[in-house]
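Next come the chains, spelled out residue by residue.
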Amino acid sequence: MNFCAILLLFALTTLSWGKDLEAFPNLNLNDHRSVQEATRVLEEELKLAARPHTYVLIDLVGNTIHIKGRGVELHHMPIAQWSVGSWEKLTGIHRLVARPQVVRRKIEPGKGDEQEPISLADMPTDYDLSFSSGLTINVAPLAAKDNLVQAITFMGKSWWRRVKNWTSMIGTDQPSTSAASLEVTVSVDHAQSLAWSLVDGMAVLIRRAADQ
Amino acid sequence: MGRVLLACAAVTFLLVLIATAPDTRPVISASSQVVHRPVVQDGPGLRALQARYKTLSKQLFQLKPSQPYILVDTARNRLYVKHQGEVVLDAIASTGSGTILDKPGDDSSQWIFDTPRGEFLVQSKLTKPTWIKPDWAFIEEGLGVPKNAAERAEQGVLGDYALGFGKGYFIHGTLYTRLLGKNVTHGCIRLNDTDLKGVYTLARVGTPIMIF
Chain L
1 MNFCAILLLF ALTTLSWGKD LEAFPNLNLN DHRSVQEATR VLEEELKLAA RPHTYVLIDL
61 VGNTIHIKGR GVELHHMPIA QWSVGSWEKL TGIHRLVARP QVVRRKIEPG KGDEQEPISL
121 ADMPTDYDLS FSSGLTINVA PLAAKDNLVQ AITFMGKSWW RRVKNWTSMI GTDQPSTSAA
181 SLEVTVSVDH AQSLAWSLVD GMAVLIRRAA DQ
Chain C
1 MGRVLLACAA VTFLLVLIAT APDTRPVISA SSQVVHRPVV QDGPGLRALQ ARYKTLSKQL
61 FQLKPSQPYI LVDTARNRLY VKHQGEVVLD AIASTGSGTI LDKPGDDSSQ WIFDTPRGEF
121 LVQSKLTKPT WIKPDWAFIE EGLGVPKNAA ERAEQGVLGD YALGFGKGYF IHGTLYTRLL
181 GKNVTHGCIR LNDTDLKGVY TLARVGTPIM IF
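Those sequence lines, one after another, are chains L and C. The opening residue of the first sequence carries number 1 in my numbering; numbering runs sequentially from there. The opening residue of the second sequence carries number 1 in my numbering; numbering runs sequentially from there.
Calculated from the structure, these hints are not laboratory results. A virtual CB, placed ideally from N, CA and C, is assigned to each residue, including glycine. Some hints could be false.
[To be verified] Derived lysine-lysine pairs resembling DSSO-like cross-links, with alpha carbons at most 27 Å apart: (1) C/64 x L/47; (2) C/82 x L/47; (3) L/106 x C/167; (4) C/103 x L/106; (5) L/106 x C/64; (6) L/47 x C/54; (7) C/82 x L/111; (8) L/111 x C/182; (9) L/111 x C/147; (10) L/106 x C/133; (11) C/103 x L/111; (12) C/82 x C/182; (13) C/54 x L/89; (14) L/106 x C/125; (15) C/167 x C/133.
[As the list claims (entries may be wrong)] Listed next, with one range per pair, are the computed distances between beta-carbon atoms: (16) C/102 x L/97: 18 to 28 Å; (17) C/85 x L/108: 10 to 20 Å; (18) C/52 x L/119: 41 to 51 Å.
The task is simple: from the sequences and hints, build the whole structure.
Okay, here's the thing in structure tokens:
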């Protein structure tokens with residue numbers, strides 16, 4: 001009886017350990033394209049995880065933005081909604097070259113504790129991130145369900161972005177293929193949290209949804 | 001007047017048309033993402049891919065720290081000691097204020113009081129540390145920078161222990177425990193006495209510190 005219990009415990013431990021070893025627990029191992037994409041991302045991630053820097057993995061299958069270092073998840077943020085311009089251009093490692101400016105407060109010598117530090121609340125909620133590869137990621141905030149004014153404001157901004165895209169498409173007479181774009185909608189808190197976590201030159205990887 | 005009204009109506013109509021036009025990009029809602037293709041057996045190609053995926057997953061797993069590591073969330077001012085995915089210690093911290101201070105006599109140069117992000121290692125472990133006040137500490141207080149090095153030494157302000165992680169940054173104690181949980185430091189990471197002792201006990205020289 002005791003032997004059976006030990007055997008069962010051993011089997012459960014081994015099983016859970018095996019699952020821990022998998023980089024993407026939500027991966028459908030029978031889907032060729034999904035496994036291919038996961039493998040591609042892992043090959044890129046291994047290069048990043050081998051170095052002492054934090055990086056971002058945007059998982060469009062798991063709908064999560066991960067801040068990682070050495071393969072360890074440091075923080076994650078759920079994605080409510082996303083849309084993509086060109087799938088092909090999302091591969092590879094993207095280096096952040098431009099992010100929203102944060103207004104830093106200047107210390108006035110001799111004023112001591114009166115000076116307010118910056119905090120998460122000072123971070124932007126709706127912003128664009130530009131990468132060396134030409135990729136642009138637009139981070140848009142998700143309006144709170146009970147806040148009509150916020151919902152209208154965010155919808156207005158989204159419409160304005162569409163107008164801009166549409167007019168640029170008219171100018172070129174076809175969708176732009178030179179640069180990729182990804183729009184992710186996250187909660188206001190997570191948009192600010194992401195803005196806080198990003199540093200210049202930070203690497204970003206994207207795991208594409210194989211079903212698209 | 002009639003022409004103006006007609007023009008306004010035309011512009012409004014155009015804007016409504018643009019705003020309601022379908023976006024050319026697919027919009028994916030997070031809730032609709034659990035879509036897997038039907039199970040397909042793709043023969044040796046899929047099996048080779050699965051094997052490659054498992055090998056890469058294992059390689060990524062091996063890059064994760066096998067010893068306890070320190071994780072610092074500068075946005076929420078929390079410090080964790082983690083070991084094999086489990087939180088061993090959870091502490092409220094104070095991290096960099098993000099403020100700036102002009103360097104005297106230099107028009108363009110500034111100090112930026114951020115906690116550095118990325119991966120670091122515990123380089124030193126000190127007991128009863130003495131704070132050697134840098135230039136900015138005097139300038140911030142509106143004082144002149146002393147020429148005598150002995151005038152920079154200050155006892156008892158860093159707590160009982162300090163863990164150095166390079167370039168003058170330390171995890172140390174504080175007299176201002178009411179400010180824990182806020183971004184108020186010049187880049188160092190402050191803890192209360194109990195948590196500081198815990199971190200000092202758990203960490204060794206070489207323990208990784210991941211900061212985001």
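Okay, the hints, checked on the actual structure:
1. C/64 x L/47: holds, 13 Å
2. C/82 x L/47: holds, 24 Å
3. L/106 x C/167: With a Cα-Cα distance of about 22 Å, the restraint between residue 106 of chain L and residue 167 of chain C holds, given a limit of 27 Å.
4. C/103 x L/106: Status holds; Cα separation ~12 Å.
5. L/106 x C/64: violated, 39 Å
6. L/47 x C/54: holds, 16 Å
7. C/82 x L/111: violated, 39 Å
8. L/111 x C/182: holds, 19 Å
9. L/111 x C/147: holds, 23 Å
10. L/106 x C/133: Given pair residue 106 of chain L, residue 133 of chain C holds - Cα atoms ~20 Å apart, limit 27 Å.
11. C/103 x L/111: The given pair, whose Cα atoms are some 16 Å apart, holds under the 27 Å limit.
12. C/82 x C/182: Answer holds: residue 82 of chain C to residue 182 of chain C is near 22 Å, not above 27 Å.
13. C/54 x L/89: holds, 26 Å
14. L/106 x C/125: violated, 33 Å
15. C/167 x C/133: holds, 14 Å
16. C/102 x L/97: 18 to 28 Å: holds, 27 Å
17. C/85 x L/108: 10 to 20 Å: Check failed, 45 Å falls outside 10 to 20 Å.
18. C/52 x L/119: 41 to 51 Å: holds, 44 Å
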